[in-house]
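Protein chains: 2
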Amino acid sequence: MKKFVNDPQQFVPEMLKGLALANPDTLKYVPEYNLIMRADAPRADKVSIVQGSGSGHEPAHVMAVGPGMLDAACPGDVFAAPPMDYVYETTKLLNSPKGVLLLVNNYTGDRMAFDMAQELSLADGVNVKTLFIDDDVAVKDSTWTVGRRGVAGNFFVIKAVGAAAEAGADLDELMRIGEKVVSVTRSMGLALTACTPPAKGAPLFELGDDEIEIGVGIHGEPGRRRAKIVPANELVDILLEPVVADLPYVSGDRVALMVNGLGGTPISELYLVYGIAHEKLAAQGITVARSYVGEYCTSLDMAGASITLVKLDDEIEGLLAAPAEIGARIF
Amino acid sequence: MKKFVNDPQQFVPEMLKGLALANPDTLKYVPEYNLIMRADAPRADKVSIVQGSGSGHEPAHVMAVGPGMLDAACPGDVFAAPPMDYVYETTKLLNSPKGVLLLVNNYTGDRMAFDMAQELSLADGVNVKTLFIDDDVAVKDSTWTVGRRGVAGNFFVIKAVGAAAEAGADLDELMRIGEKVVSVTRSMGLALTACTPPAKGAPLFELGDDEIEIGVGIHGEPGRRRAKIVPANELVDILLEPVVADLPYVSGDRVALMVNGLGGTPISELYLVYGIAHEKLAAQGITVARSYVGEYCTSLDMAGASITLVKLDDEIEGLLAAPAEIGARIF
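Line by line, the protein sequences give chains Z and V. Using the numbering used here, read the first sequence as starting at 1 and increasing by one per residue. Using the numbering used here, read the second sequence as starting at 332 and increasing by one per residue.
Just so you know, these hints were derived from the structure itself, not from any lab. Heads up, the beta-carbon is just placed ideally off N, CA and C, and yes, glycines get one too. It cannot be assumed that every hint is accurate.
[Stated by the list, open to error] Here are the simulated lysine-lysine pairs, DSS-like style, with alpha carbons at most 25 Å apart:
1) Z:Lys2 to V:Lys559
2) Z:Lys92 to Z:Lys140
3) Z:Lys2 to Z:Lys17
4) V:Lys559 to Z:Lys200
5) V:Lys359 to V:Lys460
6) Z:Lys28 to V:Lys611
[To be verified] Reference excerpt, derived from the structure (chain V facing chain Z, CB under 10 Å, subset only):
7) Lys333
8) Gln340
9) Phe342
10) Leu350
11) Ala351
12) Trp475
13) Leu566
14) Ile598
15) Ala608
16) Leu631
[What the hints assert, rightly or not] These stretches of chain V come out as covered by chain Z in the derived footprint (C-beta under 8 Å, 3 or more residues):
17) 498-509
18) 619-627
Sequences are here, hints too, so could you generate the full structure?
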């Protein structure tokens, strides 16, 4: 394994420490709970938005903390749900008179941790609700889920409820908005290579020199099938067709189009994929009104990409266009 | 080779087309010259800032076009200087009454193209100057250079002269600022893996399973030496010590610290590296006043990272802090 890592057991804490050092005025790091929070959270005038998940998906979610986005993220170790008590302590630390909204991608381990933490927090009198995200159309039920997995579409939920929370929306209104975004968001990804968790020190699965995994999960879980590598035009069809067909997105729709890199794919290739997908959608009468190209939800160093569509209406488009700021800014 | 690519000869144009489609209101793509320019350029009230270079270093430089940054970028093919006539036509298209500033990383091919284009443009009456950037301390003279190579430190030159140009500085003042930033900026990188150019279809060089290339160039050029992989703390020393010693940066200095990913290294590892570097500098009495973590200047899909330091004074810090906006935004 060739990585920038010291003790693999300290990979997540050392990353979080670096993130906090890079954002001393805006982020606060609470090592006891792997917690990254806004320095000004919790605020009495807004619902606190919290996401938890395994690590290894950066910038999701610790680098998505900031104004108009998350108030806090409490990650677990690489590809492991955060411990229930981390979520519980985080919820208490983020407690606001307006309440706490927990965002969770749909994986069994994460659901268990968040369900238990919510129960304990409610018993403590915290006004807390939990929203589950399951945008991945690749498989129904999988290695780590009952139902569909939550992947990069999660970004749009954070962005929309983050903007609405900043504008003063209450907890029920945020649940409505979050569920609405989930209901119109669909994703699918493919892997060109496996990923290597620092503690394992070897690739999580084997792919041949000319093989790809279609519908791969963000923890390297199997997708729909293996296939031989084909030109980018066909790779885009392989991802876009099941996504479009699922909602379905139809002629006349306005959408947000995200091309998300899985960690090891350069942004040059992502823009090439974006251009192809944009034109294929246009040919079907689907207008891309907002574009997102880059890394949003990765799988460590996996080469590959996912495509996400969000069907827009005026409300969602306005929330996506609202200002936001995150720890992973490059300016 | 497993990449998102159709015809390798069309890799750059397809990427540029995707970039333009993702930024329809702000960027304009001129396919004849591989040119990405601001939709509102040239502006009569500001000097036009133009960077050229080979492709394969994205987001440098086509995704660094926007307010407060570049007015245009004219890339060549992957790892190839832009043809002289592309630079010449770009200079004419970007001609402003206030002049044109060409930014060039120090590689022999790029220098030749830009020197000739400048000569032709001057003969046409365009007020044009050229600034060369050579921040890489790894090697003096190299595969493609006389003198030092220009690498990720280039970002700070673009950011500073971009901000000053937006504020109305004239061409001589921009040259002064650019040269000043170059004079206080130093970088060095290392490769964990080679990179694979689409048209070659195979890695540019061979590295063993436990080998790294210290001081690697952004085109895969050899650096100072090969070594075995070591823990991140030592990797940071390997990069930071030569950089600090070169200017030198000394106790009491305020600096900008950039940890730049070379394309295949996840942002989690970059933040881990950032945290280590930040603390090592602090231990030497060097204060990190501005932080930059992410991909700025890559080498296709190469795993690896570089570290850049900029010694700050009030003028440079103010220019780096000025607002800017680029095509590769993730919001």
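Do the hints match the structure? See the list:
1. Of the supplied pair hints, the one linking Lys2 of chain Z and Lys559 of chain V holds, its CA atoms being roughly 10 Å apart against a limit of 25 Å.
2. Our distance criterion of 25 Å between C-alpha atoms is broken by Lys92 of chain Z and Lys140 of chain Z, whose separation comes to about 34 Å.
3. In summary, the hint linking Lys2 of chain Z to Lys17 of chain Z is supported, as the alpha carbons are separated by about 21 Å, within the 25 Å threshold.
4. Simply put, Lys559 of chain V and Lys200 of chain Z have alpha-carbon atoms about 19 Å apart, close enough for the 25 Å limit, and the pair holds.
5. Note on Lys359 of chain V and Lys460 of chain V: the hinted pairing holds, with a Cα-Cα distance of about 24 Å set against a maximum of 25 Å.
6. A hinted pair counts as satisfied when its Cα atoms are at most 25 Å apart, and Lys28 of chain Z with Lys611 of chain V qualifies at roughly 21 Å.
7. Of the supplied interface hints, the one on Lys333 of chain V holds, with its beta-carbon coming within about 4 Å of a beta-carbon of chain Z, less than 10 Å.
8. For Gln340 of chain V, the shortest C-beta to C-beta distance to chain Z is roughly 13 Å, which exceeds 10 Å, and the interface hint is violated.
9. Here the hint on Phe342 of chain V is kept, as its CB sits about 7 Å from the closest CB of chain Z, short of 10 Å.
10. Because the closest C-beta pair between Leu350 of chain V and chain Z is about 5 Å apart, less than 10 Å, the hint holds.
11. Look at Ala351 of chain V: its Cβ gets to within about 8 Å of chain Z, closer than 10 Å, so that hint holds up.
12. The criterion of a C-beta within 10 Å of any C-beta in chain Z is not met by Trp475 of chain V, whose closest approach is roughly 20 Å, and the hint is violated.
13. Residue-level restraint check for Leu566 of chain V holds (minimum Cβ-Cβ distance to chain Z is 6 Å; threshold 10 Å).
14. For Ile598 of chain V, the shortest C-beta to C-beta distance to chain Z is roughly 5 Å, which falls under 10 Å, so the interface hint holds.
15. Of the supplied interface hints, the one on Ala608 of chain V holds, with its beta-carbon coming within about 9 Å of a beta-carbon of chain Z, less than 10 Å.
16. For Leu631 of chain V, the suggested interface contact is upheld, since its CB lies about 6 Å from the closest CB of chain Z, less than 10 Å.
17. With 0 residues carrying a beta carbon less than 8 Å from a beta carbon of chain Z, the region 498-509 of chain V misses the three-residue requirement, and the given coverage is violated.
18. With 7 residues carrying a beta carbon less than 8 Å from a beta carbon of chain Z, the region 619-627 of chain V meets the three-residue requirement, and the given coverage holds.
This entry does not satisfy hints 2, 8, 12 and 17, going by the numbered hints stated previously.
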